[in-house]
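S.K.: As a plain string of letters, each chain reads:
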Amino acid sequence: GQQLNQSPQSMFIQEGEDVSMNCTSSSIFNTWLWYKQDPGEGPVLLIALYKAGELTSNGRLTAQFGITRKDSFLNISASIPSDVGIYFCAGQKAGANSKLTFGKGITLSVRP
Amino acid sequence: NAGVTQTPKFRVLKTGQSMTLLCAQDMNHEYMYWYRQDPGMGLRLIHYSVGEGTTAKGEVPDGYNVSRLKKQNFLLGLESAAPSQTSVYFCASSYIDGSNQPQHFGDGTRLSIL
Numbered sequence: 001g002q003q004l005n006q007s008p009q010s011m012f013i014q015e016g017e018d019v020s021m022n023c024t025s026s027s028i029f030n031t032w033l034w035y036k037q038d039p040g041e042g043p044v045l046l047i048a049l050y051k052a053g054e055l056t057s058n059g060r061l062t063a064q065f066g067i068t069r070k071d072s073f074l075n076i077s078a079s080i081p082s083d084v085g086i087y088f089c090a091g092q093k094a095g096a097n098s099k100l101t102f103g104k105g106i107t108l109s110v111r112p
Numbered sequence: 001n002a003g004v005t006q007t008p009k010f011r012v013l014k015t016g017q018s019m020t021l022l023c024a025q026d027m028n029h030e031y032m033y034w035y036r037q038d039p040g041m042g043l044r045l046i047h048y049s050v051g052e053g054t055t056a057k058g059e060v061p062d063g064y065n066v067s068r069l070k071k072q073n074f075l076l077g078l079e080s081a082a083p084s085q086t087s088v089y090f091c092a093s094s095y096i097d098g099s100n101q102p103q104h105f106g107d108g109t110r111l112s113i114l
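Protein sequences, first through last, are from chains Y and H.
Numbered per my numbering, the first sequence spans residues 1 to 112.
Numbered per my numbering, the second sequence spans residues 1 to 114.
With the rest of the complex left out, here is chain Y:
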């Protein structure tokens, strides 16, 4: 099936650093979503992107919908310990019954 590629599987950063995560696909998507999953909990929506080129911020998080519609990135600025978790990208194609396709996630660790 179609896949979204997220790499690396794990990232380790120092508190206060910025970090950027990419999500790429060989297919075009109409919607890009970024979710965060804390340990023992379900994914929580961080940012939703609906237009190619769109740049959206949510506090210290910024995400962009790639111009080609085949990629998206998420940037976290001035990281803090509570940013630890798994970050998933998800894409959705056009169409009434189009399902979300999820990346495998990136596990972020923040060293104090």
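Heads up, a few of these hints could be off.
Below, simulated SDA-like cross-link-like pairs (lysine to any residue); rule was C-alpha separation at most 20 Å, straight line [to be verified]: (1) Y:K99 / H:P83; (2) Y:K104 / H:T54; (3) Y:K93 / H:E59; (4) H:K57 / H:R44; (5) H:K71 / H:S84; (6) Y:K51 / H:G51; (7) H:K57 / H:N73; (8) Y:K99 / H:V60; (9) H:K9 / Y:K99; (10) Y:K104 / H:G51.
Between beta-carbon pairs, the in silico distance windows are [what the hints assert, rightly or not]: (11) Y:N5 / H:F10: 43 to 51 Å; (12) Y:S109 / H:S67: 39 to 47 Å; (13) Y:S7 / H:K57: 26 to 34 Å; (14) Y:R60 / H:S67: 38 to 46 Å; (15) H:Q101 / Y:S109: 30 to 38 Å; (16) H:K57 / Y:E15: 43 to 51 Å.
Hint data in this document are derived by calculation from the structure and do not stem from the laboratory.
By construction, the Cβ of each residue, glycine as well, lies at the ideal position given by its N, Cα and C atoms.
Knowing the structure of chain Y, use the given hints to seat chain H on it.
M.R.: Relative to chain Y, chain H alone:
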């Protein structure tokens, strides 16, 4: 404001046993979904429902059945549990299944099959 609630949160089963996982949402969402999450695999769609009384297969439906008798509830059943079904199961819901309607997730059910 409960959102999406999953019960139970944890369960251990023996191979061959059956059980039902319950998902309840209080947001009047039309669409509901069951995913499983395995290490390094991300989230994979098992079954979904586009409204009360309807169900459809997702990416990995084998070994599972679902029912949506009430709009707010979506049940996932394992008739004869197998060790390969050890996983974390997430339920999600959304108003409609299209752009501009992100899915909201429950906190998961951790299921171990011995």
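S.K.: When you check the alpha-carbon spacing of K104 of chain Y and G51 of chain H, does it fall within 20 Å?
M.R.: Violated, at about 28 Å.
S.K.: Do the Cβ positions of N5 of chain Y and F10 of chain H conform to the proposed distance bound of 43 to 51 Å?
M.R.: violated (32 Å)
S.K.: Does 43 to 51 Å hold as the CB distance between K57 of chain H and E15 of chain Y, or does it fail?
M.R.: holds (44 Å)
S.K.: Need the status of pair K51 of chain Y, G51 of chain H: alpha-carbon distance at most 20 Å?
M.R.: violated (28 Å)
S.K.: Taking the CB of Q101 of chain H and the CB of S109 of chain Y, does the distance hold inside 30 to 38 Å?
M.R.: 32 Å Cβ-Cβ, so the 30 to 38 Å window holds.
S.K.: Taken at face value, is the distance from the CA of E59 of chain H to the CA of K93 of chain Y at most 20 Å?
M.R.: Holds. K93 of chain Y to E59 of chain H sits at ~16 Å (cutoff 20 Å).
S.K.: Honestly, do S7 of chain Y and K57 of chain H meet the 26 to 34 Å range at C-beta?
M.R.: For K57 of chain H against S7 of chain Y, whose Cβ atoms are near 29 Å apart, the range 26 to 34 Å holds.
S.K.: Under the criterion that the straight-line Cα-Cα distance not exceed 20 Å, is the pair K57 of chain H, R44 of chain H satisfied?
M.R.: holds (12 Å)
S.K.: Can the restraint linking K71 of chain H and S84 of chain H be considered satisfied, given a maximum Cα separation of 20 Å?
M.R.: violated (30 Å)
S.K.: Cβ-Cβ distance between S109 of chain Y and S67 of chain H: within 39 to 47 Å?
M.R.: Holds, since S109 of chain Y and S67 of chain H (Cβ atoms, about 40 Å apart) stay within the stated range.
S.K.: Check the hint pairing K57 of chain H with N73 of chain H against an upper bound of 20 Å on the C-alpha distance.
M.R.: At roughly 17 Å apart (the allowed maximum being 20 Å), N73 of chain H and K57 of chain H satisfy the hint.
S.K.: Indicate whether the distance between the beta carbons of R60 of chain Y and S67 of chain H respects the range 38 to 46 Å.
M.R.: Hint holds: Cβ distance 42 Å, inside 38 to 46 Å.
This entry does not satisfy hints 1, 2, 5, 6, 9, 10 and 11, going by the numbered hints stated previously.
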